[in-house]
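Participant: The residues making up each chain are set out below.
Protein chains: 2
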Amino acid sequence: MSGEPRTIVCKAAVVMAAGQPFEIMEVNVAPPKRGEVRIRILYACPCHTDEITQRGVDPTAVYPCILGHESCGQVESIGEGVTTCKPGQKVIPLWEGVMPLDNTSRFTTKDGQSIYHFMGTSRSDGFMSLFGLISWLSAASHNTPWCLRSALPLSRMIAPWTNLGCVGLACVEGAHLAGAKEIICVDINDIKLAMAKDFGGTKFINPKNYEKPIQDVIIEMTNGGVDFAFECTGNTTVMRNAVESTCKGWGLAVIVGIGEAGKEISTRPYHFIVGRQLKGSVFGGWRSRDDVPKLAEKVINGELKLGKYCTHRMKFSQINEAFDLLKRTECIRCVMDMQQ
Amino acid sequence: MSGEPRTIVCKAAVVMAAGQPFEIMEVNVAPPKRGEVRIRILYACPCHTDEITQRGVDPTAVYPCILGHESCGQVESIGEGVTTCKPGQKVIPLWEGVMPLDNTSRFTTKDGQSIYHFMGTSRSDGFMSLFGLISWLSAASHNTPWCLRSALPLSRMIAPWTNLGCVGLACVEGAHLAGAKEIICVDINDIKLAMAKDFGGTKFINPKNYEKPIQDVIIEMTNGGVDFAFECTGNTTVMRNAVESTCKGWGLAVIVGIGEAGKEISTRPYHFIVGRQLKGSVFGGWRSRDDVPKLAEKVINGELKLGKYCTHRMKFSQINEAFDLLKRTECIRCVMDMQQ
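Keeping their order, the protein sequence lines are chains A and B.
Residues in the first sequence are numbered consecutively from 1400, following the working numbering.
Residues in the second sequence are numbered consecutively from 1400, following the working numbering.
Honestly, the hints are just simulated from the structure, not real lab data.
Heads up, some of the hints might be wrong.
Since copy identity is lost for identical chains, a pair holds within one copy or between any two.
Stated by the list, open to error - In silico DSBU-like cross-links for lysine-lysine, where the CA-CA straight-line distance does not exceed 35 Å:
| hint | residue 1 | residue 2 |
| --- | --- | --- |
| 1 | K1662 | K1602 |
| 2 | K1410 | K1596 |
| 3 | K1580 | K1647 |
| 4 | K1432 | K1647 |
| 5 | K1580 | K1410 |
With the rest of the complex left out, here is chain A:
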């Protein structure tokens, strides 16, 4: 042991207010308190969930904050009572239960202004204050097999309803691995539809090619609707489409995307009365300590092709460029090296 952990100074990408670009600045990171762990972040990926908070359309957003929630790193120091990990261990911080236990922040600006955490997994240039060890893995991102758990058991078919970004494609892959017979991919971008084939998609629909509501197209195509529909856009109209594209009796629509502030999902209650269900999914329903090691094993064994999602690499100092890349069709995930 090198003694008690102390406050350290790191570089972090801070969003000072809604709509502001990422500003790389030095921040103070307080030492981990009882039950908490401080992690040196090695790699991180920008995600649309960060981006909608940066833009200011996430209804739950608070500022200033350090965004980022897809990362991996190494335990730097541990607080009192932590027995689940040791300094030096490789870990993936996850969303579930990773905010400081006392609901305060461990981040401050050099001037002492408090900075909010984001999804409990805020990224700084090297260190984060978190409680609890999640799991270990040397790869870059954790959110690949989104939906594997929600999708079981798959009986007939599935429609990942999505702009086929990382989450949508992971949803396709998850459905494929779970044994879905038909995987209908929906996107208004033909390039993304073509990509989806690589991940296990079997049918491809571009709503722009149809004059009627896309749920009507799917109901006809499947002779009554799909068993599962995953919405991966955050668009409330698409959420409605997803509900209404599932079959009567047992159809399940799953909201995966984060809706914009003030937007609501609406539909006729009749759709539920006749047997449909609606639920949401965060991190695919995976439990961090129990499930992520199983996912890690699948990546190591080559069952999950994590590398397919990592289309670009950049330095942390290029963070604003990395977020611009997200808007471009050919980018699924850009891995940032936090040491550069």
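Once you have looked at the hints, place chain B on chain A.
Facilitator: Same frame as chain A, but now just chain B:
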């Protein structure tokens, strides 16, 4: 056998168009076709589901039609190939799978105009044409233990969110029998709230006594929300309240009421992302042939107090009065004798 069944003439309460009162008239009832059963209805109860169709606010309604779906009777004759029942047997027609197999009607006016069935269980003065035997039972109504099936397993508490009519009270009783520890009853009518105590309710809330949204009251009262919320009104605002009164993580809201035409349920997608679910329930999810005999046994054994729901009795000729009674607080169910 008394030979082939023939068309018979019966009295029926017909709604000729939306908003029209029930008109008792003679109708022709065609003989049962292959796989169908014709039933002499002995007793029937008016229900709000009939009433919203009579008023014209059910989006799926078609006219003219013979309403009614809560009844019991005796098999009058059977079509070719029917092996599950015999003439004379006591039966309860249920909604599930009881429309004529060929999607046509067995009812016509004396002038030959076709009359629609309603929920497959239309009531006439003595005879109905249905396919399939459901079950037998000499009592008057079948919809008591609504929700027993949907409610299991009950872990913490349940809020049957309801105007405590027959369905709402049955929901309370179902939750009680299923072992719910706390049963929160919500109604804007104090008399109904008092009734709910008899059926197993443990807490009673009248939204008129609060200035804030009732879901906020429930969230506070339960320290985070209920495990299950059953909406039994058909009011889309109450459906939203029900969703938003369930707890994060696993809260399940169940829509039981039939929404009015053109009305939609809306809520923030965030409520689902954090773990809530929404589904519907028809006939409590019971399967007719498999489950209703089990319910009948519970009534016969005294486990289900069906008699408590039958607050009034009338003659079939008083059908319009019976429907007026539905609007009065003290009436739960009015049993009509179809022979009078």
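Participant: Work down the list of hints and note, for each, if the structure agrees.
Facilitator: Hints, verified against the model:
Taking CA atoms no more than 35 Å apart as the test, K1662 paired with K1602 passes in both settings, with 30 Å inside one copy and 34 Å between copies. Within a single copy, K1410 and K1596 get their C-alpha atoms no closer than 40 Å, and across copies no closer than 62 Å, so neither meets the 35 Å cut-off. Proximity of K1580 to K1647 under the C-alpha cut-off of 35 Å is found in both arrangements, the shortest distances being 19 Å within a copy and 32 Å between copies. Proximity of K1432 and K1647 under a CA criterion of 35 Å is satisfied inter-copy only: 27 Å between copies versus 51 Å inside one chain copy.
Taking the shortest Cα distances, K1580 and K1410 never come within 35 Å of each other, neither inside one copy (47 Å) nor across copies (52 Å).
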